[in-house]
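Visitor: This is what each chain is made of:
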Amino acid sequence: MAAPWVGRALPLKEDARLVAGRGRFLDDLAPGRLLHVAMLRSPHAHARIVAIDAAAAAALPGVAAVLTGTEAAAGSRPIRPLIPTAVPVNDWCLAVDRARFVGEPVAAVAAVDRATAEDALDLIRVTWEALPAAVDAQAGARGEGPLLYPELGTNVLWHDTLTYGDVDGAFARADGVLEERFEFSRYASTPLETFGAIAEWDAGTAGYTFWTNDQRPGLTLAILAESLGVPQARIRLACPDIGGGFGNKRRPAYLLVCALLARRTGRPVKFVEDRRESLSALMQAAGGVMDLALAYRADGTLLALSVRDVTDEGKNLVSPAQHNLIKLGNIANGYRIPAVRYEAWSVLTNTCPAGANRGIGKPFMCFAIERAMALLARRLAVDPAELRLRNYVTSAEMPYTTPPGAAYDSGDYPATLRAALERFEYARRRREQVSARAAGRLLGIGIATSVEPAGTNLASYEIITGRRAASGSAEAAMVRIEPDGQVRAALGDPPSGQGYETVVAQIVADELGVRPDQVDVARGFDSATTPWLYLSGNYSNKFSVTDTGAVVGAARRVRDKLLRLAAHRLEADVADLELRDGAVAVRGVPTRRLAFRELARTAYADVLGLPPGEEPGLEARHAYQNPLAKPMDAARRVPSQLVFANAAHCCLVEVDPGTGGVKILAYAVVHDCGRELNPLIVEGMVHGSTAHGIGAALLEAFRYDERGQLLTSTFMDYLKPTALDVPAIDVGRLEHPSPYTPLGAKGVGEGGAIPAPAAVANAVEDALNSYGVTVRTLPITPEQVWRWLDSRQFNNVGSNFSESPQ
Amino acid sequence: MRLTVNGVVVEREIEPRRSLSDFLREDLALTGTHVGCEHGVCGACTVLLDGWSARACLLLAVQCDGAAVTTIEGLTPAEGLSPLQEAFRACHGLQCGFCTPGMIVLAHELLARNPAPSADEIREALAANLCMCTGYVAIVRAVARAAVARA
Ligand code: FES
Ligand code: FES
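Chains as they are written, first to last, in our numbering: chain A, 1 to 806; chain B, 1001 to 1151.
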């Protein structure tokens, strides 16, 4: 067989259209007679909606319909949460009698264009009764503060303590305990294309068609059908090119609003968020506070970990406690920690709903653990790299199951760190740091390492609900040879920048003996033509874990059929046949061959030429579930995520004591995502993912004031890294294939975003070592640095200045 | 109002409040120009206005009366891709591709004024636009590669 296509750094098929501006994104679609939607949003963090008067808005020329929350509640059912609350609460697509965060939609207008729709919003009169806002999740965990849902009687959605192993014994035996509190700000990966949807109602068939850049069509289809009271068979949902996702791109409520307006007006309606709507109301990574205690022996061996984690969910009723579960699943990072205790709080506040964001929960978990490792190294006067090397799970121990049930499948964590140190020239840089410091420069080196799981096992929700609903990790695909012999494939996972059209073509090319440019992979997703499952979608790093299996499985079915057809027609034995260059040929006899086109003619047209009993057509579907997903066991252990990649980040920063600015001077990554299916894509994922982590470390934060007003709702005050903030990240790799994925690949989308915040924070703390600074929260803004330095300078000179106002 | 878009003279009557980006996308169906923020920060809407890069979301279409506007469509050959576009593809200087038209317009302007930019100069120029996917590393590579290809 020729060298496989999988593994090659092939330039991307989809890039050819995207560089020419020929992508087709949601807002590029415009069905005839289209109406445009604008939404009226709450200016209050928490308020009762006493009355809405929309008469003037409805009368404005160009306005086709106005939808209020009350009307939405009359025309649809509440959105069913993934994890139900103890007492059912109704979460409709528009706020009905109460708004619970700034930016929550309370009414929507459909008009001939967006400007007219926005004009109409100005004419809607809402009578508000402002209520005190709950903005402090810590207070919520203590049972204090105003309630978002009085019927729940609490803002705490989940509180539990999970203990694995002899935690108390380990703490009692330990030589020392490191205790620290860390805080994580809310931030988001903010895909450049905002979220949006088009809905169309067909009165003739009583069905809906949606176009959307929703990342998780399987789940969304279920919600749409249930909330609209329409059978799934009469809902079609399609995704075009998606301009970035990172977990943020989901809001079934907006699709429901569009559906109700489409039905009301009989015309297709489109809603596309503007940036302020996106930043204030779509999805933010949950912030929170984590108290961590690490028990260790004098030699630095970790004995036990105890974490108390208060997660600020905002108004997240859809997937509460998801961040908690993912943190629990990754609590041990790459370390051998025999005993673990995790006390979780998932708390509602009057802020934007928290939700999936590149790495969901893991960046915070990794930040806490890797900050603790840095502090412990300093306490024990051990090199931080050495401390990690003493504690890693080794490859000899794999497969290794962590106390809460995560199964580390393969990899050599010490080797990853060593390779990163070498790449970074750690020893040389440490020496340079000493001389730079002597010259008065504030140089710091930070290390952070992480595991990076792929694929979510929804059975982990059983930890919270006590019963299993959805579970496992799976995806579906289709491969077909068209009547003209051309190969086509489709996947239930709509990409948002991961190059699936290329990778899927590489995989199919290997299976069928064609070139990737001979395989047409469907753009996006279309429930009418793409095979899909409830679990289908672009989330949780799952391509390597499930999607590859679906594609391989479908391609093999087609290959087997091609072989059977060819054997019949060539009167040869299947074992003597091979697929190459778009044909099936008798091995060693190149003249005895049948091109796919000829076999397709038999399969689709000349069906009497088929072998007896063979079904016409050349198409196969396959759905694949990864075997690592398991139900929760009696000890409440469950693999919440499946296959583990790993990475080591080394970072050199310089702090400018004058401005408080932090500049990253060098950044090296070594990662191991198993077999790399297309190294060009993999490297890009590492770069981009790391940049997200750097943004979280130095720039990005959604800041709310004490009344729940969002202070950072544009890109002028919510700062994203530019080309001047992200260094030329140097990427090296190891490849330890996973034994548990069809092609040996692992996830790679999140691996930069998980350790980068910790790596940068560790470097800044190292730079400010002489000031005795401990980094407990992010982002490390110039103002923050300046405050640290300022207070220290005052202290150092024994100043009488007091920090408190006189 | 009358302006030249990608070499073609366009005459239209338009509402004074229509932005150039809406005008290009909605009225002329030139959807290669994207909109990422509509407040002048992200640069997804970058076009050339009389040869200089400009934010189409911050311009009113009427302000462009008499001007020559070039969009990504105008920088794309009828057949195949430009060397700059080829370089973006070869280096995978994109992922989702949403920022890409704006980045390419920006890089086009840079290379027109500075045919052999250093990596720092490239970074400085590209810092005008945001990319949420690539971390910029491969974009910088792509622009450097295009500069070498043109030299
Ligand atoms: S859309 Fe114009 S700068 Fe962002
Ligand atoms: S490639 Fe997605 S924003 Fe740049």
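Hints are computed from structural coordinates only; laboratory data are not their basis. Hints are supplied without guarantee of correctness; some may be wrong.
Claimed, not checked - To be clear about the criterion: a stretch of chain A counts as covered by chain B if any three or more of its residues have a C-beta under 8 Å from a C-beta of chain B, and this derived list gives those stretches:
{"#": "1", "stretch": "189 to 198"}
{"#": "2", "stretch": "363 to 372"}
{"#": "3", "stretch": "705 to 716"}
As the list claims (entries may be wrong) - Some, not all, of what chain A presents toward chain B, calculated at C-beta under 8 Å:
{"#": "4", "residue": "Pro11"}
{"#": "5", "residue": "Ala20"}
{"#": "6", "residue": "Ala139"}
{"#": "7", "residue": "Arg142"}
{"#": "8", "residue": "Gly243"}
{"#": "9", "residue": "Gly244"}
{"#": "10", "residue": "Met632"}
{"#": "11", "residue": "Ala635"}
Just so it is clear, CB atoms sit at the ideal spot from N, CA and C, and this is done for glycine as well.
Visitor: Could you run down the list of hints and mark each one as holding or not?
Guide: Consistency of the hints with the structure:
1. 189 to 198: Since three or more residues must qualify, the claim that chain B covers the stretch 189 to 198 of chain A holds, with 6 doing so at under 8 Å.
2. 363 to 372: violated (count 0)
3. 705 to 716: n = 3 at 8 Å, threshold three: holds.
4. Pro11: Because about 5 Å separates Pro11 (chain A) from the closest Cβ in chain B, which is inside the 8 Å limit, the hint holds.
5. Ala20: It holds, given that the least Cβ distance between Ala20 (chain A) and chain B is near 4 Å, below 8 Å.
6. Ala139: Hint on Ala139 (chain A): violated, closest Cβ of chain B at ~33 Å, above 8 Å.
7. Arg142: Cβ of Arg142 (chain A) sits 37 Å from chain B, so the hint is violated.
8. Gly243: Given a least distance of 3 Å, the restraint on Gly243 (chain A) holds.
9. Gly244: Holds. Min distance 4 Å.
10. Met632: violated (35 Å)
11. Ala635: Violated: closest Cβ of chain B sits about 41 Å from Ala635 (chain A), beyond 8 Å.
The earlier numbered hints that this structure contradicts are 2, 6, 7, 10 and 11.
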